[in-house]
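Number of protein chains: 2
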Amino acid sequence: MAKSYRFDGAADLSQVLENGMPIYPGDAVPSFEPYSTLKKNGVNLTRLVLGSHTGTHVDAPIHFIEGGVSVDAMPPGAFIGEAVVVDVSSREPGTGIVPDDLRAQVEARAVPGDIVVLFTGCSRRWGDPSLNSNYTYLTGEAAEYLASRRVRAVGIDFLSVEKFGAKVPVAHRALLGHGVFIVESLGKGVEAFIDSRFLLICLPIKLAHGDGAPCRAIAVPIDQD
Amino acid sequence: MAKSYRFDGAADLSQVLENGMPIYPGDAVPSFEPYSTLKKNGVNLTRLVLGSHTGTHVDAPIHFIEGGVSVDAMPPGAFIGEAVVVDVSSREPGTGIVPDDLRAQVEARAVPGDIVVLFTGCSRRWGDPSLNSNYTYLTGEAAEYLASRRVRAVGIDFLSVEKFGAKVPVAHRALLGHGVFIVESLGKGVEAFIDSRFLLICLPIKLAHGDGAPCRAIAVPIDQD
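These protein sequence lines are chains A and B, in that order.
Quick note: the first sequence uses my numbering, first residue 21, plus one each step.
Quick note: the second sequence uses my numbering, first residue 21, plus one each step.
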């Protein structure tokens with residue numbers, strides 16, 4: 021059974037980079053400033069200031085793991101993989117996803133090498149500042165469980181997989197320590213893919229020694245011929 | 021005849037984002053600064069300052085066309101297409117590509133909807149400052165010719181498709197004015213694809229109202245089954 025990818029039907033899973041956008045509290049404050057315009061200067065140009073973890077982005081192992089690989093050193097094909105969305109939106113924001121929230125859905129639908137995207141529902145409230153330090157996160161046990169399933173990557177539809185303000189980054193360590201990269205701040209568009217298998221492309225810009233980097237994440241529908 | 025894409029064999033066509041990297045003279049000067057480290061702070065984080073046209077990037081129509089579309093408003097599938105490389109490396113840097121340099125190769129290998137990548141050879145000398153204001157460019161006539169072939173996009177392996185310091189952006193206007201987007205500062209890796217047809221993925225980060233934006237550009241080999 022041949023597969024084909026419907027690139028022209030790709031859905032955007034990325035957050036817009038704009039002034040005032042939500043960021044993980046304490047991170048570098050982004051700014052996007054048009055410094056040359058068609059009217060005044062004959063060309064539109066923009067200056068961008070942002071953090072390596074601003075907006076939709078990839079976390080590379082070196083973000084938290086000494087000696088870990090950086091975004092520029094990973095093979096680019098690593099950032100393309102089939103994906104499934106696990107719906108954990110029944111959890112209250114501020115609480116932690118445990119293995120029992122994942123097992124039935126993961127075991128029914130995900131295979132080794134897949135990207136597992138967690139839909140917490142927090143993305144529906146992107147821009148609501150009360151959520152920026154009180155979002156649904158992944159417990160260390162649930163992160164260990166996902167790593168044990170040999171997934172390629174774990175995505176989430178809000179600022180971080182980690183409990184806000186965690187003293188020990190247990191979820192990041194469990195995933196990145198097993199070479200499972202992370203995609204954070206995916207957009208609310210992931211909800212539409214809860215029942216689908218799709219191709220997720222999330223290529224980060226090539227930041228030298230990058231602990232992470234912004235990416236444009238998209239979902240490409242898969243047709244079975 | 022079914023096609024399959026060998027994502028795990030993807031080649032990187034992107035330049036590394038790093039301090040001191042080549043930029044179009046006069047553009048915003050980029051800087052990449054680790055402001056938190058594992059050793060000192062328990063986490064690696066980087067602050068990025070860059071222009072919308074720093075490193076490998078996409079130009080959207082609004083870069084030069086009043087009322088043109090911006091990178092965030094283009095459908096993401098637009099940034100994925102089959103591509104061919106046209107070898108114009110016999111041209112001396114500082115001279116302009118004319119239609120006769122393109123016709124035989126384009127007519128033999130490119131079809132409407134393709135991305136045509138110009139290999140000028142200047143990418144072999146990325147980092148040589150003498151080239152930053154003296155690279156091989158696209159004349160207005162050659163840009164008009166490519167637009168008339170209804171290509172999806174035009175890529176080039178150096179800082180700009182435009183003659184350095186041009187008073188009138190004839191190449192940009194001919195392409196962007198026909199809705200043909202541009203990918204600039206592709207890496208020297210394009211040379212390896214001179215005889216191949218491949219899938220080019222060049223998704224720019226989602227900059228609000230972006231006149232352009234950095235992208236990670238990769239070449240995915242196509243297998244014919």
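FYI, nobody ran anything at the bench for these hints, they're computed from the structure.
Do not rely on the hints blindly, as some may be mistaken.
Repeated chains share a single entry, so a pair holds when one copy, or any two copies, can fit it.
Said to hold, decoys possible - For lysine-lysine, the following DSSO-like pairs were computed, each having C-alpha atoms within a straight-line distance of at most 30 Å:
id: 1; residue 1: 187; residue 2: 60
id: 2; residue 1: 187; residue 2: 59
id: 3; residue 1: 59; residue 2: 208
id: 4; residue 1: 23; residue 2: 60
id: 5; residue 1: 187; residue 2: 208
id: 6; residue 1: 187; residue 2: 23
id: 7; residue 1: 23; residue 2: 59
id: 8; residue 1: 60; residue 2: 208
In this text the structure is predicted, and so the values were computed from the model without any measurement.
Hint by hint, here is what the structure shows:
{"no.": "1", "hint": "187 - 60", "in the structure": "between (49 Å within a copy, 14 Å between copies)"}
{"no.": "2", "hint": "187 - 59", "in the structure": "between (50 Å within a copy, 15 Å between copies)"}
{"no.": "3", "hint": "59 - 208", "in the structure": "neither (35 Å within a copy, 35 Å between copies)"}
{"no.": "4", "hint": "23 - 60", "in the structure": "neither (50 Å within a copy, 48 Å between copies)"}
{"no.": "5", "hint": "187 - 208", "in the structure": "within (28 Å within a copy, 44 Å between copies)"}
{"no.": "6", "hint": "187 - 23", "in the structure": "neither (45 Å within a copy, 49 Å between copies)"}
{"no.": "7", "hint": "23 - 59", "in the structure": "neither (48 Å within a copy, 46 Å between copies)"}
{"no.": "8", "hint": "60 - 208", "in the structure": "neither (37 Å within a copy, 35 Å between copies)"}
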